[in-house]
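Novice: Residues per chain, in single letters:
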Amino acid sequence: MTTHEPIAYVREKMAEQKAPPPTSVGILGWIRANLFPDLVSGILTVVALFIVYSLVSGLLPWLLHGVWNASSLDECRKIIAERYGEGASGACWAVIHERFWQLMYGFYPSHLYWRPNLAFVLLLLGIAPVLFDNLPRKMLLITIAVPFVGPWLLWGGSVWVPIMVFLGFVIGIMVNRFVGRMSGALVGIIVGVLAAVVWWLFLSGPAADLVQSIIPLSIEPVASRNFGGFMLAITLGITGIAMSFPLGIFLALGRQSNLVILKTMSVGFIEFIRGVPLITLLFVASVLLNYFLPKGTEFDIILRVMIMITIFSAAYMAEAIRGGLAALPKGQYEAADALGLDYWQAQRLIIMPQALKIAIPSIVSIFIGLFKDTTLVSIIGLSDPIGWVKLIQANAEWNGIVWELYGFVAFVFFLFCFSMGRYSMYLERKLQTGH
Amino acid sequence: MAEPATAREIDRSQMTISDEVAIEITGMNKWYGAFHVLRDINLTVYRGERIVICGPSGSGKSTLIRCINRLEEHQEGKIIVDGTELSSDLKNIDKIRSEVGMCFQHFNLFPHLTIMENCTLAPIWVRKTPRKEAEEVAMHYLEKVKIPDQANKYPGQLSGGQQQRVAIARSLCMKPRIMLFDEPTSALDPEMIKEVLDTMIELAEEGMTMLCVTHEMGFAQAVANRVIFMDQGQIVEQNEPKEFFNNPQSDRTKLFLSQILGH
Ligand SMILES: Nc1ncnc2c1ncn2[C@@H]1O[C@H](COP(=O)(O)OP(=O)(O)OP(=O)(O)O)[C@@H](O)[C@H]1O
Ligand SMILES: [Mg+2]
Chain W
0 MTTHEPIAYV REKMAEQKAP PPTSVGILGW IRANLFPDLV SGILTVVALF
50 IVYSLVSGLL PWLLHGVWNA SSLDECRKII AERYGEGASG ACWAVIHERF
100 WQLMYGFYPS HLYWRPNLAF VLLLLGIAPV LFDNLPRKML LITIAVPFVG
150 PWLLWGGSVW VPIMVFLGFV IGIMVNRFVG RMSGALVGII VGVLAAVVWW
200 LFLSGPAADL VQSIIPLSIE PVASRNFGGF MLAITLGITG IAMSFPLGIF
250 LALGRQSNLV ILKTMSVGFI EFIRGVPLIT LLFVASVLLN YFLPKGTEFD
300 IILRVMIMIT IFSAAYMAEA IRGGLAALPK GQYEAADALG LDYWQAQRLI
350 IMPQALKIAI PSIVSIFIGL FKDTTLVSII GLSDPIGWVK LIQANAEWNG
400 IVWELYGFVA FVFFLFCFSM GRYSMYLERK LQTGH
Chain D
0 MAEPATAREI DRSQMTISDE VAIEITGMNK WYGAFHVLRD INLTVYRGER
50 IVICGPSGSG KSTLIRCINR LEEHQEGKII VDGTELSSDL KNIDKIRSEV
100 GMCFQHFNLF PHLTIMENCT LAPIWVRKTP RKEAEEVAMH YLEKVKIPDQ
150 ANKYPGQLSG GQQQRVAIAR SLCMKPRIML FDEPTSALDP EMIKEVLDTM
200 IELAEEGMTM LCVTHEMGFA QAVANRVIFM DQGQIVEQNE PKEFFNNPQS
250 DRTKLFLSQI LGH
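Read top to bottom, the protein sequences are chains W and D. Heads up: the first sequence begins at 0 in numbering that gives the first Met the number 0, then just goes up one per residue. Heads up: the second sequence begins at 0 in numbering that gives the first Met the number 0, then just goes up one per residue.
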């Protein structure tokens, strides 16, 4: 038999507030809780610290002993040996110093560097209001202008060409409005797109030439083969991102559509593109396409590559967006329908904002992947940063240099991709509206 | 017997039923694939009527009222809403949908828009009402459902009852002539059911034509002028609430009522 204590209890003296034990707060507490909570974790912490130490102790001297001024790898090594003793390791940053402009612009004429620079600044100004909705909405005018002014600055030539291309959009939209009102939204879209395409393929060129012959207004043209370095990577990346996004949306909608032909075409396109490696598409762009095009037509290589990168990412984009669409409850469609919104209004105002929000992480992953994939164009002979690394390595002076060049290219790519990742997290937080 | 939906006296002065036909359904049949969900439905709803539809689960109640605004397509028969026949013509459908409001069991508010934006969206885009005017109208209806102070919150920050009242306000902002309710209270906790029912009662008092699928028999007795009982895709019995509850004719109705009222 145990004797039970009486259940009734009254506290007579209230407990004083005490400071927590020193092992649970402050730095000591943190270290204890996070690094050495138990034996196994403690050992892992020590091992990890050792690995970090060996990495840093190997890399740091190499980074700190860097040489910024030299004209060849041999000279670099000599300087390092002189300064830090025979056998000391050191980075030869001189190669980046010396070849910086080529890594940035390729063979783009140096007296015209202001043009890509200006295009880049315009691009940043144009993207800003899209990324951050607290900026003045007037800035969207720059956003609309960038796709026309940007390429004109980069390639140069007659100012009438981008204007005529822009007119194509105006024509498309007007035809769409007109036909749409008479015979339904879908017909309007199809006819509108057709009208724009016909204008671009057959009429915009001659029209630009005609106006140019009357009012000549042009800047020095630069050929595509002179494009290179990060300028090329950014040009390809940005156009790929900007074009694959809307295309992906339309493909995702097509795949969900009730119209059998549209649906089959979308599914076929997506599955075909996803089944083919990007590098194959790039080879098609660089080699095969010439066989199919009529003799004498010039179809710019960069434009061809852009199209391939775009359709490649668009297929993945469509699938990411379809994931977002599938996650939406059916009730959202029904509520939009019940309120009398038509298909496009429902998509634009209700469905897409939510589906895209759900798909943000996957969409941004695709953007990041696309940007990194632009380095594949070095295989078909375009001199993007990786192409330039190889060109520089092939030089007698810089033969044998590896880490510095690839490290620099990797660092710049990392900056871009990391910013995209951070932006996606910011956006997700901002669009969080529930609990 | 079921509890009354509200403690207060219901003002019946505006609850008048006119001769004007609001909805006319004749010989309507609907199939899901080979499954015959709705069979030979004939129903005439006059303006100002408040109809409660009840019946066992799967009897086709939701399907019936969803056919009225074409969320579901019927294959046979005729549905005429406000003088416009439902056909596959998109213009007719959009016209009818903007005249007929609907409230769902799960509210279906748009979670990415504020309460105010939820309410002004359709007036602005469908009715082309200027934003300012649409916001005034929305505020009016939000006051009516007693949540004007939540206008700038998001649906996810509201309780279920508040969300359903917003959903009602959102429909009312389109100034519909007919309101459809599909079990508006069955996803709610008991104390929230009352606030939603009160809102619906007020709506009835103003003479709104209402079709309401619900198992709130107290509401049916207090407000409805007609109760329809459905089973296996058919209208089995309909009558005035008093007669319907006290003197059901069909055996199915009796069985259903005994189950739902628990005696
Ligand atoms: N999209 C669909 N495809 C096939 N069958 C369906 C579909 N929607 C409903 N059904 C079937 O149609 C019948 C009627 O469904 P409905 O939702 O109208 O019933 P209900 O009376 O509203 O039931 P509850 O009280 O459970 O809501 C059910 O048997 C259901 O399984
Ligand atoms: Mg139902």
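Among the hints, a few may not be true.
Below, in silico cross-link-like pairs of lysine to aspartate or glutamate (EDC-like), each with a Cα-Cα straight-line distance of 16 Å or less [to be verified]:
hint: 1; chain 1: W; residue 1: K329; chain 2: D; residue 2: E71
hint: 2; chain 1: D; residue 1: K127; chain 2: W; residue 2: E427
hint: 3; chain 1: D; residue 1: K152; chain 2: D; residue 2: D93
hint: 4; chain 1: D; residue 1: K94; chain 2: W; residue 2: E4
hint: 5; chain 1: D; residue 1: K143; chain 2: D; residue 2: E242
hint: 6; chain 1: W; residue 1: K356; chain 2: W; residue 2: E427
hint: 7; chain 1: D; residue 1: K174; chain 2: D; residue 2: E134
hint: 8; chain 1: D; residue 1: K127; chain 2: D; residue 2: E142
hint: 9; chain 1: D; residue 1: K90; chain 2: D; residue 2: E75
hint: 10; chain 1: D; residue 1: K193; chain 2: D; residue 2: E8
hint: 11; chain 1: D; residue 1: K90; chain 2: W; residue 2: E427
hint: 12; chain 1: W; residue 1: K77; chain 2: W; residue 2: E396
Across the chosen pairs, the derived CB separations fall in these ranges [what the hints assert, rightly or not]:
hint: 13; chain 1: D; residue 1: V20; chain 2: W; residue 2: F177; range: 34 to 40 Å
hint: 14; chain 1: W; residue 1: F249; chain 2: D; residue 2: R130; range: 52 to 58 Å
hint: 15; chain 1: D; residue 1: T83; chain 2: W; residue 2: K371; range: 52 to 58 Å
From chain W, some residues computed to sit far from chain D (all C-beta separations above 12 Å) [stated by the list, open to error]:
hint: 16; residue: P19
hint: 17; residue: F49
hint: 18; residue: A69
hint: 19; residue: V145
hint: 20; residue: F201
hint: 21; residue: L202
hint: 22; residue: G420
If you are wondering where the hints come from, they were derived from the structure by calculation, not from laboratory data. The beta-carbon is built from N, C-alpha and C at its ideal position, and this holds for glycine as well.
Novice: Each hint should be assessed against the structure and marked as holding or not.
Specialist: Hints, verified against the model:
no.	hint	verdict
1	W:K329 / D:E71	13 Å, holds
2	D:K127 / W:E427	31 Å, violated
3	D:K152 / D:D93	29 Å, violated
4	D:K94 / W:E4	78 Å, violated
5	D:K143 / D:E242	33 Å, violated
6	W:K356 / W:E427	7 Å, holds
7	D:K174 / D:E134	14 Å, holds
8	D:K127 / D:E142	23 Å, violated
9	D:K90 / D:E75	20 Å, violated
10	D:K193 / D:E8	15 Å, holds
11	D:K90 / W:E427	38 Å, violated
12	W:K77 / W:E396	13 Å, holds
13	D:V20 / W:F177: 34 to 40 Å	39 Å, holds
14	W:F249 / D:R130: 52 to 58 Å	29 Å, violated
15	D:T83 / W:K371: 52 to 58 Å	56 Å, holds
16	P19	35 Å, holds
17	F49	48 Å, holds
18	A69	57 Å, holds
19	V145	28 Å, holds
20	F201	34 Å, holds
21	L202	33 Å, holds
22	G420	23 Å, holds
Figure legend: structure checked against the earlier numbered hints; hints not met, in rising order: 2, 3, 4, 5, 8, 9, 11 and 14.
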